[in-house]
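Protein chains: 2
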Amino acid sequence: MNVRFAVIGADHLHLFQMVDRLVAAGATPVAHAPNGGLVARYAGWRKDSEERSVDEILADDSIALVVVAGVPSERAEVALAAISAGKHVLSDKPGVTTLAQLDELRAALHDRPGRPWTVLFSERFENRAIGEAVAMARAGAVGTVVHVVGAGPHLLSEKHRPDWFWSSSATGGILVDIGSHQADQFLAVAVGADGPTATAHVRLAAVGNAACPDHPDMQDIGSMTLVANGIVGDHRLDYLTADGLGTWGDVRLSIVGTRGVIEARANVDVAGADGAEHLIVVDAEGTRRVDVSQRPVDWAEQFLADLADDGERLMSQAHVVAVCDLVLRAQQAATKWGDA
Amino acid sequence: MNVRFAVIGADHLHLFQMVDRLVAAGATPVAHAPNGGLVARYAGWRKDSEERSVDEILADDSIALVVVAGVPSERAEVALAAISAGKHVLSDKPGVTTLAQLDELRAALHDRPGRPWTVLFSERFENRAIGEAVAMARAGAVGTVVHVVGAGPHLLSEKHRPDWFWSSSATGGILVDIGSHQADQFLAVAVGADGPTATAHVRLAAVGNAACPDHPDMQDIGSMTLVANGIVGDHRLDYLTADGLGTWGDVRLSIVGTRGVIEARANVDVAGADGAEHLIVVDAEGTRRVDVSQRPVDWAEQFLADLADDGERLMSQAHVVAVCDLVLRAQQAATKWGDA
Chain A
1 MNVRFAVIGA
11 DHLHLFQMVD
21 RLVAAGATPV
31 AHAPNGGLVA
41 RYAGWRKDSE
51 ERSVDEILAD
61 DSIALVVVAG
71 VPSERAEVAL
81 AAISAGKHVL
91 SDKPGVTTLA
101 QLDELRAALH
111 DRPGRPWTVL
121 FSERFENRAI
131 GEAVAMARAG
141 AVGTVVHVVG
151 AGPHLLSEKH
161 RPDWFWSSSA
171 TGGILVDIGS
181 HQADQFLAVA
191 VGADGPTATA
201 HVRLAAVGNA
211 ACPDHPDMQD
221 IGSMTLVANG
231 IVGDHRLDYL
241 TADGLGTWGD
251 VRLSIVGTRG
261 VIEARANVDV
271 AGADGAEHLI
281 VVDAEGTRRV
291 DVSQRPVDWA
301 EQFLADLADD
311 GERLMSQAHV
321 VAVCDLVLRA
331 QQAATKWGDA
Chain B
1 MNVRFAVIGA
11 DHLHLFQMVD
21 RLVAAGATPV
31 AHAPNGGLVA
41 RYAGWRKDSE
51 ERSVDEILAD
61 DSIALVVVAG
71 VPSERAEVAL
81 AAISAGKHVL
91 SDKPGVTTLA
101 QLDELRAALH
111 DRPGRPWTVL
121 FSERFENRAI
131 GEAVAMARAG
141 AVGTVVHVVG
151 AGPHLLSEKH
161 RPDWFWSSSA
171 TGGILVDIGS
181 HQADQFLAVA
191 VGADGPTATA
201 HVRLAAVGNA
211 ACPDHPDMQD
221 IGSMTLVANG
231 IVGDHRLDYL
241 TADGLGTWGD
251 VRLSIVGTRG
261 VIEARANVDV
271 AGADGAEHLI
281 VVDAEGTRRV
291 DVSQRPVDWA
301 EQFLADLADD
311 GERLMSQAHV
321 VAVCDLVLRA
331 QQAATKWGDA
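Protein sequences appear in the order of chains A and B. Sequential numbering from 1 applies to the first sequence in the working numbering. Sequential numbering from 1 applies to the second sequence in the working numbering.
Since the hints were derived computationally from the structure, they do not count as laboratory data. Keep in mind that a hint or two might mislead.
Any copy will do: because identical chains look the same in the list, a pair fits if it lies in one copy or spans two.
[What the hints assert, rightly or not] Below, computed lysine to any residue pairings styled on SDA-like, alpha-carbon distance capped at 20 Å: (1) Lys47 - Ala25; (2) Lys159 - Pro213; (3) Lys159 - Glu285; (4) Lys336 - Asn229; (5) Lys336 - Arg203; (6) Lys159 - Thr258; (7) Lys336 - Ala211; (8) Lys336 - Asn209; (9) Lys336 - Gly230; (10) Lys336 - Thr199; (11) Lys159 - Asp214; (12) Lys159 - Ala284; (13) Lys336 - Thr258.
Next up, chain A with everything else stripped away, as it sits in the complex (with noise of 0.2 Å):
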């Protein structure tokens, strides 16, 4: 199937990885909108794309497809237009910045079939050790799941953010940005990710800003504690990670359970093995490594597949909505970073 997609929003990088991939598994780039601080790269880069108003993308009937990757606060709106015009969203997480956007989503997307919302929690879906663990762990690898334990540290980039990045009214805060990640892996892991969700938690919650003085809105770390399924998550962020480190954030995700451990290490094995993708396995027989290089990337096939049957393979339509939900929760539950 020949599926053609605009991108309304051009604001932060992921676009050009989420496009490349929509393009690889056979998508055809057709229009963007002239919104965001990335177009013109994003216009240069796409040639095959042509410069169009949010209206005529959203009129136009053979657009089956609306990528979404405008500052955080603003996407809500336009994944609402897009589908209320009849079209499938692919939006850059986070997806949502307040409850009362969610709100108006679940209500669009009630008498929908499929999952015509999608949120990439690029974590989960590009990292082949991020992805294997909790692949791993739903197939009883570790025996049943007690704990889930994640870390999901960023480089700062100062010089390279672009204004709103400061904003925790834009970024929707720490925990529902970046935190869209662990709380999508976390619910992965403890209730599954393929079809309705088990009601999740938040027991704890923290935000708050340690080294960017010059930025009294931003959040530069946070932790949360979840629960679903009478499995605990615990989840800490942060833009504290120093430049010796070599890539942008040393990401882990430990999963414990009855029977062994299994450890993701994403980006770096710092101070150990060369490269990305580490996947450590501690069972009864052994420790080993395994090798993840194999694992397909295929999100983009398994998404547009998704889009030609109404399918939820990817995930389901109720897992978006359920991490979006758990995190900005946890955001509005988040006390001081400190405070007892």
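Following the hints, complete the assembly by docking chain B onto the known chain A.
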């Protein structure tokens, strides 16, 4: 100074390490009470120690020190009696299992100089990587500390555990028992262990039984979120270590600062470098392993020096009390693992 010491309570294998270090540092074992499941083994090992009654030991003014390693719930009573008899106490952790016991000890310590009651938090004092990580963080190696993350997984070793191990009232529970190490490390980093302590708070705690259905009172998993001086500590414990690890537990300590991260891997660098006591620092300069092999394990020497002049070199009396108080409050506040 020749310190003559006696053992009252021989129920945990830590006793042998404690006595070994004391003797190597110059202390003399002179007696042991007949109490405890390991007392015959102790007597066989220390031919220089004579079996005497508790009353005889307490009445003997030539004995300056009592080493306590009985069933955890029975240690406080022994410590109290010894302190009341004017002696110093070196206790295995946990030193107390109830807040009432701690109150009694606080009262007994009120008029005494120095640190009559020492609880040996052996993870920090015996493991060079943990000890050095704490020392580096206190010295500002990674800027202002923001987050301390500890993991203390253990082998269950079901066949080798005495009956009392399975009773949470005997051990105090998982947060009190093995969580003492984590609380010691957290307070040592966040507050400093060598003086008065800031008030520490328990933000969240949970305990559960994930894999011991035959021992329903056993807690084989737990976690606690602690706060002190604006620094958050997330600590997890379990008895779920799989046999394939090859050691008793993949104990880790990560200290996140505004200018870098210090990570200690106490017993094993899983799927990585050989040996134990791994210390890794990531800062602006790069990523490096710190060789801690030359760091002395000299807690016994410091302890005996403290005993001689009522010093608090090893740690302050206030720190010992604060660690015990914190884990007791965490244990008391703990909800059931996985409950919302």
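Hints and how they fare:
1. Taking the shortest alpha-carbon separations for Lys47 and Ala25, only the intra-copy value of 18 Å comes in at or below 20 Å, while the best inter-copy value is 77 Å.
2. For the homomeric pair Lys159 and Pro213, the shortest alpha-carbon distance inside one copy (15 Å) is at most 20 Å, but the shortest distance between copies (55 Å) is not.
3. Taking the closest pair of Cα atoms, Lys159 and Glu285 come within 20 Å of each other only across two copies (19 Å); inside a single copy the shortest separation is 48 Å, beyond that limit.
4. Proximity of Lys336 and Asn229 under a CA criterion of 20 Å is satisfied inter-copy only: 13 Å between copies versus 28 Å inside one chain copy.
5. In this assembly of identical chains, the alpha carbons of Lys336 and Arg203 lie at most 20 Å apart whether taken from the same copy (15 Å) or from different copies (12 Å).
6. Proximity of Lys159 to Thr258 under the C-alpha cut-off of 20 Å is restricted to the inter-copy arrangement: shortest distance 18 Å between copies versus 45 Å within a copy.
7. Taking the closest pair of Cα atoms, Lys336 and Ala211 come within 20 Å of each other only inside a single copy of the chain (14 Å); across copies the shortest separation is 35 Å, beyond that limit.
8. For the homomeric pair Lys336 and Asn209, the shortest alpha-carbon distance inside one copy (9 Å) is at most 20 Å, but the shortest distance between copies (32 Å) is not.
9. Taking the closest pair of Cα atoms, Lys336 and Gly230 come within 20 Å of each other only across two copies (9 Å); inside a single copy the shortest separation is 27 Å, beyond that limit.
10. For the identical chains of this complex, Lys336 and Thr199 are inter-copy neighbours only, at 17 Å across copies versus 25 Å inside a copy, given an alpha-carbon limit of 20 Å.
11. When the C-alpha separation of Lys159 and Asp214 is checked against a cutoff of 20 Å, the pair qualifies only within one copy, where the shortest distance is 13 Å, while the shortest distance between copies is 58 Å.
12. Within a single copy, Lys159 and Ala284 get their C-alpha atoms only as close as 48 Å, which misses the 20 Å cut-off; across copies the closest is 16 Å, which meets it.
13. In this assembly of identical chains, the alpha carbons of Lys336 and Thr258 lie at most 20 Å apart only when taken from different copies (17 Å versus 34 Å within one copy).
Going down the numbered hints, you'll see the structure goes against none, and every one checks out.
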